[in-house]
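Order-wise, the sequence lines are chains P and V.
Note that full-length UniProt numbering has the first sequence beginning at 1, numbered continuously upward.
Note that full-length UniProt numbering has the second sequence beginning at 1, numbered continuously upward.
Derived from the structure by calculation, the hints contain no laboratory data.
Among the hints, a few may not be true.
Claimed, not checked - Some, not all, of what chain V presents toward chain P, calculated at C-beta under 7 Å:
id: 1; residue: Arg52
id: 2; residue: Pro74
id: 3; residue: Val90
id: 4; residue: Gly94
id: 5; residue: Met98
id: 6; residue: Glu107
Only a predicted model underlies this, so the values are computations on that prediction, with no experimental measurement involved.
Yeah, the Cβ is synthetic: ideal placement off N, Cα and C, and Gly gets one too.
One-letter residues, chain by chain:
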Amino acid sequence: MNMQTTSRLTAAESALIDAYTGQLGELPGNGAVISARDRLVDDLKTNGLPTRRVEAWHYTDLKTLLRSVPMDAGTGSADAIEPLVAGAHVIGTRQGQIVGKPSVEGVVVGAFADMLREGTAAPGLSVIDRDDTIGKINGSFVRDGLVLEFPAGVTVEQPIEIQALHGAGQAHTRFPVSFGAGSKAVVIERHAQTGEGSAFVSSVSDISLEDGADVTWIVLQQQGADDTHLGQVRIRVGENAKLKLFVVNAGGKLVRQELRVDVAGEGAELSLRGVNLLGGDTHTDVTLVLGHNVPNTNSTEIFRNVVFDRARGVFQGMIKVALDAQKTDARMACNTLLMSDDAEFAAKPELEIFADDVQCGHGATVADIDDNHLYYLMARGIPRNHARAMLVNAFVAEIVEELEDEALVEALEGVISTWLAKHA
Amino acid sequence: MLEIKNLHARIAEDGTEIIRGLNLTVKAGEVAAIMGPNGSGKSTLSYILSGREDYEVTEGDILYNGESILELDPAERAARGIFLAFQYPVEIPGVATMQFLKVAMNEQRKARGEAELTTPDFMRRVKEAAAELKINPDMLKRPLNVGFSGGEKKRAEILQMALLEPKLCVLDETDSGLDIDALKIVADGVNALKSPDRATIVITHYQRLLDYIVPDTVHVLYKGQIIRTGDKDLALELEANGYADIIGQAA
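Please model the entire structure based on the sequences and the hints provided.
Following this line, the structure appears as structure tokens:
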């Protein structure tokens with residue numbers, strides 16, 4: 001499928017390759033890292049960005065959609081922002097690089113730039129499969145990021161907020177995070193543009209949950225109106241581990257957020273949730289590949305999308321159940337509210353099941369607001385616009401409330417209502 | 001207070017005419033009962049009064065305090081004091097009951113140019129009204145009507161009515177699905193709101209509710225028209241003899 005050789009590069013493709021050439025000698029990395037980067041850039045040069053002919057990118061033709069890439073490696077400044085939850089441990093990157101020496105009590109915190117310089121990062125600068133364009137771009141350009149190691153048994157009471165902030169230009173970060181056996185934490189991975197102008201951002205979080213770890217991981221994407229955001233979360237879930245993964249897209253012009261989940265330990269329990277708030281002339285794609293690879297694991301996936309204006313949204317959800325992953329229980333739902341006639345949403349749920357004793361299901365709905373609900377609220381004196389906003393809020397709030405942590409729920413509901421107040 | 005003149009209305013989607021030349025006057029302070037067999041247009045009439053957009057008025061007018069309300073949407077009518085207690089209140093997951101009550105009360109106050117309620121004032125009012133109706137406070141912590149039993153839903157409707165203090169209360173088969181104890185509580189709630197400047201329209205199939213909410217006038221609705229009007233004895237007559245006689249006389 002990727003056999004075409006690209007003789008003519010698009011402006012964005014050329015810009016990417018030029019950006020790489022321009023940063024030769026500047027990007028951190030030892031010999032092994034440099035060769036890994038070179039291989040990834042060569043791949044981009046040969047195959048170009050994916051088009052709709054590549055199945056994994058069918059609804060997000062990156063070659064066409066990515067019109068330009070800012071050359072600037074990123075000099076814009078970015079100020080810290082208020083954390084989502086008061087009292088959170090705030091660490092992070094500015095314009096793709098760590099500032100100062102971040103620390104969180106009980107957690108070993110390192111710099112990805114050091115891993116690049118030492119070469120320990122080299123094996124990770126690889127692609128998951130040949131369609132892993134985000135892995136290619138990020139591996140080519142990544143400069144820094146935080147490396148977090150939660151020792152076995154540690155519980156971090158307050159949430160940890162990783163703020164990946166930037167102004168205009170490029171920013172490429174990577175966050176390798178390992179949660180030791182029995183550790184417990186809430187981590188918020190937050191991407192936001194705090195300056196002006198257009199940015200091109202890629203970020204890969206490479207996460208492992210060892211046996212019995214209990215982790216809530218929230219991706220909150222609040223990029224600017226002209227930004228391209230290519231995000232990827234790779235997660236391996238060990239035995240009896242509990243993962244709550246929650247993705248909120250509330251920004252960006254062109255967004256692809258991939259979730260690549262490997263359920264690798266028996267007894268693992270996963271709850272994957274997503275809220276996509278889409279408006280303006282934007283394109284947002286959430287692509288989930290969830291592999292149930294061992295017996296006796298369960299997962300539920302619910303994605304709620306609200307689409308205004310001329311926005312386009314995509315959800316691709318693939319659940320793969322391996323041959324010996326008996327007793328898998330996996331349920332996926334994707335529900336969309338289309339709020340304008342020009343809004344679009346494509347939902348593509350897929351099941352690929354090799355085991356014969358499993359419970360799997362998926363469902364997708366696309367609808368407008370329920371007229372009966374609207375009428376009921378209006379009949380109590382709530383004006384139409386306010387009633388509509390309440391119902392949209394309710395549609396997404398329902399899954400936010402599942403997070404249970406009151407401060408977190410309140411904070412995310414705040415993000416949602418602020419977004420809706422601006423766009424609805 | 002309410003004057004319905006030669007009202008004709010149909011279902012917007014398929015044009016089926018349901019209300020066919022209905023005339024009805026309800027004065028301030030009056031309790032009017034509307035009775036009638038299934039399919040006579042009782043619920044439709046309540047929806048039309050509230051402004052539901054699934055129905056089209058093709059002829060006639062509805063005057064409320066002397067002004068036509070046909071051009072007003074449901075929210076505007078509610079803010080002017082028209083309240084419909086639904087036969088089947090909808091469940092709205094994700095909307096917290098308390099938030100809904102607060103927004104509804106404050107939006108109505110805003111529309112009337114009154115100051116919004118403070119949170120303590122709001123809480124106090126809800127607590128008092130809920131206690132009167134023997135509503136379990138846990139119920140108010142749930143999303144709106146979600147998981148409420150039939151009786152709880154009806155009580156929640158009357159709670160909303162008590163809090164919103166409307167001027168024209170329309171009760172659409174509020175007695176359906178209620179056991180006798182719940183019926184008394186609901187009826188007490190309705191009676192507590194009785195006042196010289198407030199009118200109530202009680203839509204019901206059965207005399208039973210009218211033992212507790214005693215009507216000043218009783219109107220029989222059949223095929224979209226009021227075919228007979230009387231006092232509370234008319235309801236007893238219907239209970240004893242059914243609708244057949246009256247329908248026969250009208251035909």
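Against the structure, the hints come out as follows:
1. Arg52: holds, 6 Å
2. Pro74: holds, 4 Å
3. Val90: Given a least distance of 5 Å, the restraint on Val90/V holds.
4. Gly94: Result: holds, 3 Å to nearest chain P Cβ.
5. Met98: violated, 13 Å
6. Glu107: Holds, because the Cβ-Cβ distance from Glu107/V to chain P comes to roughly 5 Å (cut-off 7 Å).
Taken one by one, the earlier hints fail for this structure only at number 5.
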